[in-house]
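Whenever a hint applies, use it, and build me the whole structure from the sequences.
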Amino acid sequence: MNQDNNNPDSELEDQTEVEPIPEPEGDTQIIETEYEIGQDNVASSWKLEFDIHQVVFTVSALGIVAFTFLTMAYQSALEPMFLALRDWLTGNLDWFFLLSGNIFVLLCLFLIVSPLGKVRLGGPDAAPSYSYIGWFSMLFAAGMGIGLMFYGVSEPMSHFGTSMGGISVGEDGVRTDWAPLGGAEGDVAESMRLGMAATIFHWGLHPWAIYAVVALALALFSYNKGLPLTLRSCFYPIFGERVWGWPGNVIDILAIFSTIFGLATSLGIGAQQSAAGLNFLFGLPTSNTALITLIIVITIIALVSVVAGLDAGVKRLSEINMALAAILLVFVVAFGPTMEIAKGFFSNLLAYGEYLPALSMPFGREDANFASGWTAFYWAWWISWSPFVGMFIARVSRGRTVREFLIAVLIVPTILSVLWMTALGGTAIGQVVNDGFTGVQDAALELKMFEMLTQLPLTGLTSLVGIVLVVVFFVTSSDSGSLVIDTIAAGGKVNAPTPQRVFWASFEGLVAIALLLGGGLAALQAMAVSTGLPFTIVLLGACYAIVRGLMSEPR
Amino acid sequence: MTYSHIMVPVDLEHADRLGKAIETAKSLATQFGAKLTFVAVTSELPGGAAHTPAEFDKKLAAFAQSQGEGLSGGVASKSYVAHDPAVQIDGILHDAIEEIGADLVVMASHVPNVLNAVWPSHGGKMASHADVSVFVVR
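Protein sequences, first through last, are from chains A and B. Mapping of the first sequence onto our numbering: residues 1 to 555, in sequence order. Mapping of the second sequence onto our numbering: residues 1001 to 1138, in sequence order.
Hints are computed from structural coordinates only; laboratory data are not their basis. What you are looking at is a predicted structure, and each value in this text was computed from that prediction instead of being measured. In this text, a Cβ means the ideal position worked out from N, Cα and C, and glycines have one as well. Treat each hint with caution, since some may be false.
Stated by the list, open to error - Computed spacing ranges between beta-carbons, pair by pair:
{"no.": "1", "chain 1": "A", "residue 1": "66", "chain 2": "B", "residue 2": "1071", "range": "51 to 61 Å"}
{"no.": "2", "chain 1": "B", "residue 1": "1019", "chain 2": "A", "residue 2": "288", "range": "47 to 57 Å"}
{"no.": "3", "chain 1": "A", "residue 1": "324", "chain 2": "B", "residue 2": "1098", "range": "54 to 64 Å"}
{"no.": "4", "chain 1": "B", "residue 1": "1091", "chain 2": "A", "residue 2": "74", "range": "46 to 56 Å"}
Set out below in structure tokens:
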């Protein structure tokens, strides 16, 4: 920026002075900082080309290797410890997760209607980087695509079942059932409504508000304030210049840890689930060799995609994914109980609205199993993914106004989740209730969707689409994750040499394979989910930073 | 044989490493009375050289003016914005040749490294794909 202006005080307020550097695209409030992007990097163009943040890259890479080996070596000791840590966090701090989740949703809804929503990311004259379809496909594919495949059928079924079962109380007076709220014992219609409302609650406004907070903070501080695209930048209003030192390093390293462990363990567990699907459909083996082959195939496609870049690789795959998911959805709607799905869509939306206050209540919950075992667990999970998904969303959202951004990140995915859950889950519940078909109910989690499809025409074809979707959703998570990790590890530089992306994408695959063979997938996933706690605090800080940052922008 | 318009791709973040290539381009421009156009690719995100694409463009223009002083053929600059510059740069530079109408490209290449067997350098790639002459300065 302005090299002559050695103003040591770089508070936001001081930026009302004359801006000597040409405005980006219209008027924004660039933060004056002495920090130059890439100043803590080591770069080389000799022998091996790289450009990395020395502390963040080194600590992350070595730490991940150490953690992976430790988990494998002391699996029997660490696994119960990590699982206990996760359960303790979600069990005892469930109120904190639920309360924070509500704050994120309320902030986003407030920003949509407030005048702050007029601020445009990238300056008032910035043009959107991507068309609606490309943009939306990317944020959806990175955000929750894979979860929708596995939980779209199983979660509504599960909540429906526990609601039907009603309340059961153990000897110590504590509820032992997993029903949401008070359940609806024996009442089919009400159990369906409650089950769908609970599912939509977990896949609707709250998770997307979590992503939106991170994404908005990053986009604002990069595009409008001129800070590097890395998680620490959102903390500039809180830490000031210290954010370039160790507090920032800790935040960035933590972000890389939670991203790579989240991705690698999902890849490992997802490979097992995909293999089970392939076995169910084509009788393919589920041996370790098959699993490793699957991980390698997914990693190679992801590699090709990151090397091809954001537009030619990641965006194109995301669009293919969206198209396939749309085909599957339309098929289920058309050949399933069409009228019931159409009616269900609106009644489920209403049920969601009706039960939302009770479901999101952080205090005095009777349904402790549901609130901590399901909701708090989900919130911790979404939050541990938020650095990755948020940063990726930020990367592709330049040129949108805050209002437009929040509607697209919060409202549209929620509506789509309602539709998806209604179509897939509603169809499966209908099979049990109306047709007495219990195949889905009895199937393992990863096979529920395929069981449901066997009751519709063209099973072979739709199951194939389903399995391709699962694989491609893994690829889109993996490639966008590698892009994000590479950017953080390069101190916010997006033009670091491409071989670094190859390093991270392969690294992720290798960690997944190591954990799959050595054991410890569940342990490390529990650990990754546990990073949800520190990040919840980080996100609350980001909320403050967003409001401060937006208020200093011209509207 | 004469050249009338020389394109010089530059990396503003590593302007210090470009000395030799730029000197070469300037002497060629002086010799042929050719116009010199500096081109550069940036992302929409803040980077080491500038915080925004607009600022990047201004910096490139200033850089070009300072380098082009005293050249008879004149000097110009053009910046391109890419979603993913690390990957798109080769394609963008390739298209830039035609867009600005250059008949010679002078560019720096980094020292060939172990990865070049699978990962061609930008200069090397340009030389093998461009329709015009490419002078890769090592």
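Any of the earlier hints contradicted here, and which numbers?
Going through the list in order, the structure violates hint 3 alone and respects the others.
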